[in-house]
Amino acid sequence: MTESQSEFGGPTVRRMLVGAQLRRLRTEMGLSREEAGEAIRASEWKIHRLENGQVGFKERDIIDLLRLYGVTDADEVAAFLLLTREANTPGWWQHYGDLLPRWFRTYVDLESAAALIRTYEGQLIPGLLQTDDYIRAVIGGAQLDEPSEEMGRRVRLRMARQTLLTREHPPRLWAVIDEAALRRPVGGPEVMRGQLERLIDASKLPNVTLQILPFAVGAHSGMPGAFSILRFADRELPDVVYLEHLTNAVYLDKRDEVERYLDVMEYLCDDSEPPGRTVELLERILDEV
Amino acid sequence: MADDWTTRINTGVPNPARIYDYFLGGKDNFPADREVAEQVVAIAPVARDIVEDNRAFLRRAVRLLAGEAGIRQFIDLGSGLPTQGNVHEIAQAVAPDARVVYVDNDAMVVTHSRALLAGDNTAAIEADLRDPDSVMRHPEVRELIDFDQPIALLLMAILHFVPDDEDPYGIVARFRDALPAGSYLALSHGTRDIPARPDMSPEAMAEMGAKVERLYQLTTASLVTRTHAQVERFFDGFDLLDPGLVEIQLWRPDEADALLPGGFYGGVGRKR
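Each protein sequence line maps, in turn, to chains D and B.
Going by the working numbering, the residue at position 8 of the first sequence is 8; the numbering climbs one at a time, nothing skipped.
To convert, count from 1 in the second sequence and add 289; that's the working numbering.
Isolated chain D (complex conformation):
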């Protein structure tokens, strides 16, 4: 596929992922878009479009940018170029079957580029709102049998991800949490109390909306499982649905599939208690832990 063809292919999740990673690498180096543009003889605007996944990638540009961003390890560059090549291939939905750290990382990049994150959780507290004790209890409960340094790394990664909500120009998080996730004493009463207090604090943030889906609703449209919908500020970028499984994650950006999830999300939000009642309900559950 040549670049000119892919220019008309429209943004795909993979392009957005590659773009989001390029943005992260650039900002980690403290470089402006303009400075990055100079390295590939391109405008600031071109970098903006690349990072939004709106144009196809030229391999030479990617190599130059990676060098500028200090990515020199041959394997790393090769892996990135592979991802770039895949990104240039149009394809509406992608299946990420990679090792956990990598797909998790790509999700984090995509999530940090979103303007609105809508999430529904039936079993767990949403990742962006978990306390470190809660994360440890969840990882412990999953029987992953991993060395403690790996667990420490995962906890740190998740905590780092949470800074998203308090950064400058943060995205908005609109989460629906099933009452089941609030009642299950993950890590014991002490951990759960800390977690519920964290949710009460979070729901007071201006960019966080929490709604509780009460047991009283009975059967509901979200019963097949947890999912998140990422929405990007740019009008041309499609919403992306993210589904996390035990060994991999799935991204959906095909419109009819995404709309099924949007539809379900609308029902869930309408079935849930309004956000104005969240603090009162959390306090009641906290009293009963």
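Heads up, a few of these hints could be off.
Stated by the list, open to error - Among the chain B residues that face chain D by a calculated CB cut under 10 Å, a handful are:
1. 315
2. 320
3. 396
4. 407
Stated by the list, open to error - Far from chain D, by Cβ distances over 10 Å, these chain B residues were calculated:
5. 408
6. 453
7. 501
Think of the hints as simulated: they come from the structure by calculation, not from any bench.
For each residue, glycine too, the CB sits at the ideal point set by N, CA and C.
With chain D fixed as given, assemble chain B onto it according to the hints.
Leaving out everything else, chain B in the frame of chain D:
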């Protein structure tokens, strides 16, 4: 309006709020909405522009109300899905202490408004403007709005979804009578009146309006355009500010480039 037995949110039935969202380039619309919206655009390519112009009219009106008119309380009736530049954002940019209540009868609109707009000095309630008492007696309205102080009532692109047999004039009068003197009414309303447009004949404009009205019969609320005289009647008991009731594009435009007028009338009146 949806029948009582239908679910509160039905994304399979075209919905005016989501069609409007589509016209504004939003992402909260579904295939059924887009199907009607695209047919509207096919008949009336100006539809998108008119909707943009309506948002711009809203911005100018709210800025004036929060600014030189000194209004600190707003009730936005039929507020629609949240978008860029919502009423509280416009008003609070001018007057940080401005209070805003968003009112809509559509469950999805209310869900989104509560999640995305409500906050300090801002509330979103589910109520039907056709029952004014249900709005004015609502506890959240009572909490935020002081009916002894001037209030701005916004009826933007909404009364054309209230047919004559539902007594739109009586509804507006009921609200008006509850407002203290010095309050304001700002409204916009779809029309088939012939604007002085260089690009369209009067016959084409009338035909276009009739076709669009027929399309909206497929949605949850049918569309009734009204004439200048009919729209002006909503301002009974109010003194219209300059330049009166005019095409929204001509109401105190702040850009030098003149926009093509037509589609909606708009005006702002002060209660005597």
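Hint check results:
1. 315: holds (9 Å)
2. 320: holds (7 Å)
3. 396: holds (5 Å)
4. 407: holds (7 Å)
5. 408: violated (6 Å)
6. 453: At about 32 Å from chain D, residue 453(B) clears the 10 Å cut-off, so the statement holds.
7. 501: At about 24 Å from chain D, residue 501(B) clears the 10 Å cut-off, so the statement holds.
When the structure is compared with the earlier hints, a violation turns up for hint 5 alone.
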